[in-house]
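Line by line, the protein sequences give chains G and B. Residues in the first sequence are numbered consecutively from 1, following the numbering used here. Residues in the second sequence are numbered consecutively from 254, following the numbering used here.
Hints are not guaranteed to be accurate.
[Unchecked claim] No more than 30 Å apart at the CA atoms, straight line, and that leaves these computed lysine-lysine pairs for DSBU-like:
#1 G:Lys162 <-> B:Lys297
#2 G:Lys162 <-> G:Lys108
#3 G:Lys162 <-> G:Lys97
#4 G:Lys130 <-> G:Lys97
#5 G:Lys141 <-> B:Lys262
#6 B:Lys297 <-> B:Lys262
[Claimed, not checked] Facing chain B, a subset of chain G residues (Cβ under 10 Å, in silico):
#7 Val23
#8 Glu24
#9 Ser139
#10 Ile140
#11 Phe172
[Stated by the list, open to error] Here are the simulated distance ranges between beta carbons:
#12 B:Asn255 <-> G:Leu178: 33 to 39 Å
#13 G:Phe112 <-> B:Gly363: 40 to 46 Å
#14 B:Ser275 <-> G:Asp196: 41 to 47 Å
#15 B:Glu318 <-> G:Pro28: 55 to 61 Å
#16 B:Tyr353 <-> G:Gln200: 30 to 36 Å
#17 B:Leu354 <-> G:His249: 48 to 54 Å
#18 B:Gly342 <-> G:Asp119: 54 to 60 Å
#19 B:Glu326 <-> G:Glu203: 33 to 39 Å
#20 B:Glu332 <-> G:Glu100: 20 to 26 Å
#21 B:Met362 <-> G:Glu129: 41 to 47 Å
#22 G:Ala163 <-> B:Glu318: 26 to 32 Å
#23 G:Ser230 <-> B:Asn366: 35 to 41 Å
#24 G:Asp119 <-> B:Glu318: 56 to 62 Å
#25 B:Gly342 <-> G:Gln193: 33 to 39 Å
If you're looking for bench data, these hints aren't it; they were derived computationally from the structure. None of the values given here were measured: they were computed from a predicted structure. Glycine included, C-beta positions come from ideal geometry on N, C-alpha and C.
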Amino acid sequence: MSQLAAFRAELHVHTVLSPCAEVEMIPPLIIQEALDLGINLLAITDHNATANINAVIQAASGTGIHVLPGMELQTHEEVHVLCLFDTLDQIDAFQRKVDEAMPGLENKPDFFGEQFVVDATGDFIRREEKMLLASTFLSIKQACALVRELGGMLIPAHINRKAFGLLPTLGFIPDELLNTRVMEVSRHMTCDQAIDTYPQLREKVLIQSGDVHRLEEFLGVNYFTMENPSIRELEYAFSGIGGRNFQIHHPNL
Amino acid sequence: MNLQQIIDKLELKVLTEPRDFSASTPTFGYSSDLLSCVMAGAPKQGIWVTLQAHGNIVAVAALLELTAVIITEGAMPDENTIQKANDEGVTLLSTPNSTYLTIGQLWEMGLRNP
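From just these sequences and the hints, can you work out the full model?
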């Protein structure tokens, strides 16, 4: 086995492509904030979209921060799930499937917010005209199958939140997610509180994310010990295989 | 008022196996698409109006012993969900109308107090 290394991770970060994200969420500022906090593993997860990931990867080049391509998919059931991958090829293939499952609505920037595609310096490239904050036609079951087929990892997002969270929306964990081991708790409660509220979570591995829409929302409480920042190593760490591990620390509390 | 009268009046499509709907008398109606709210708020033997059509609605309906679930706006549960409903004895009904219109019709029929 090669050497294990420590990673401090924020696995749910939006950019200015998400209509609800602040205009400060551009690649260089995201990377600078992560550097300041000692976060060295990020997943970029815009709503149903992925067009800014490459720019963030470029902005991270040479900083020691690794960026996983991801998406926060809104399923047909109105549940948000994080879909994480290793490569841009994988996320591009995933995006094509998601595009086919979009309802084809146009964004109303005055109401929902602007959706900007930018370059690595944060400069404007184009506006995304499609309304990204929409439910796709993909069910949770279809999303699970698609992500698995493409070699990614699916993590239900902010499962405790009333807006688009798994448990308030569906009432309990549906059969198709019984084998999904990792779930994300939002900043609004601790993982222990989440388990108290939803005892079904006792069997799950819980991560916690800032669901970062503005720079001050980074939490960086997910700590991994693993060989490298990849989907396979994350899975090994969640399972505690070969000395790898995953823990949540709240260093500032 | 019995469930058969409601099915006839609202022209609902019965998605699950037919049974003697005239023997079922709903107590009251309820509507929400957040299942956590339904679990907390829907009355036993009530009718639940929702546009959710995924598998979890069956478990909630069975848990609360609901008389029927009316799925609105033509949303269609998949085959597994309908099968699960048949196994659990849950009645799934469908309408192309909106939740608002459906509730209005139930109210007009006199389904008002538990």
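Now the hints, each set against the structure:
1. Pair hint Lys162 of chain G plus Lys297 of chain B holds up; C-alpha atoms about 24 Å apart against a cutoff of 30 Å.
2. A hinted pair counts as satisfied when its Cα atoms are at most 30 Å apart, and Lys162 of chain G with Lys108 of chain G qualifies at roughly 24 Å.
3. Restraint check: the Cα-Cα separation between Lys162 of chain G and Lys97 of chain G comes to about 27 Å, which is no more than 30 Å; the hinted pair holds.
4. With a CA separation close to 15 Å, the supplied pair Lys130 of chain G and Lys97 of chain G stays within the 30 Å bound.
5. Distance restraint check for Lys141 of chain G and Lys262 of chain B: the Cα-Cα separation of roughly 35 Å exceeds the 30 Å cut-off, and the hinted pair is therefore not satisfied.
6. About 23 Å separates the Cα atoms of Lys297 of chain B and Lys262 of chain B, which keeps this hinted pair within 30 Å; it holds.
7. The criterion of a C-beta within 10 Å of any C-beta in chain B is not met by Val23 of chain G, whose closest approach is roughly 31 Å, and the hint is violated.
8. Contact between Glu24 of chain G and chain B, as hinted, is not supported at the beta carbon level, the nearest pair being about 32 Å apart and thus beyond 10 Å.
9. The criterion of a C-beta within 10 Å of any C-beta in chain B is met by Ser139 of chain G, whose closest approach is roughly 7 Å, and the hint holds.
10. The beta carbon of Ile140 of chain G comes within 8 Å of a beta carbon in chain B, closer than 10 Å, and the hint placing it at the interface holds.
11. For the restraint placing Phe172 of chain G at the interface with chain B, the shortest Cβ-Cβ distance is roughly 7 Å, inside the 10 Å limit, so the hint holds.
12. Roughly 37 Å separates the CB atoms of Asn255 of chain B and Leu178 of chain G, a value that falls within the hinted 33 to 39 Å.
13. For Phe112 of chain G and Gly363 of chain B, the Cβ-Cβ distance of about 41 Å falls inside the hinted range of 40 to 46 Å, so the restraint holds.
14. One distance hint, 41 to 47 Å for the beta-carbon pair Ser275 of chain B and Asp196 of chain G, holds here, with the actual separation near 45 Å.
15. Against the hinted window of 55 to 61 Å, the Cβ-Cβ separation of Glu318 of chain B and Pro28 of chain G comes to about 58 Å, which satisfies the hint.
16. Between Tyr353 of chain B and Gln200 of chain G the CB atoms are about 33 Å apart, so this pair conforms to the stated range of 30 to 36 Å.
17. Judged by the Cβ atoms, the range 48 to 54 Å given for Leu354 of chain B and His249 of chain G holds: they are separated by roughly 52 Å.
18. Distance hint for Gly342 of chain B and Asp119 of chain G: a CB-CB separation of about 58 Å, consistent with the stated range 54 to 60 Å.
19. Range check, Glu326 of chain B to Glu203 of chain G: about 35 Å between beta-carbon atoms, so the 33 to 39 Å window is met.
20. As the Cβ distance of Glu332 of chain B to Glu100 of chain G is approximately 22 Å, the hint placing it in 20 to 26 Å holds.
21. Taking the beta carbon of each, Met362 of chain B and Glu129 of chain G are about 45 Å apart, inside 41 to 47 Å as hinted.
22. A C-beta distance of roughly 29 Å is found between Ala163 of chain G and Glu318 of chain B, which places it inside the suggested range of 26 to 32 Å.
23. For Ser230 of chain G paired with Asn366 of chain B, a C-beta distance near 60 Å fails the hint of 35 to 41 Å.
24. Range check, Asp119 of chain G to Glu318 of chain B: Cβ separation about 58 Å, and the 56 to 62 Å hint holds.
25. The supplied range of 33 to 39 Å is met by Gly342 of chain B and Gln193 of chain G, whose beta-carbon atoms lie about 36 Å from each other.
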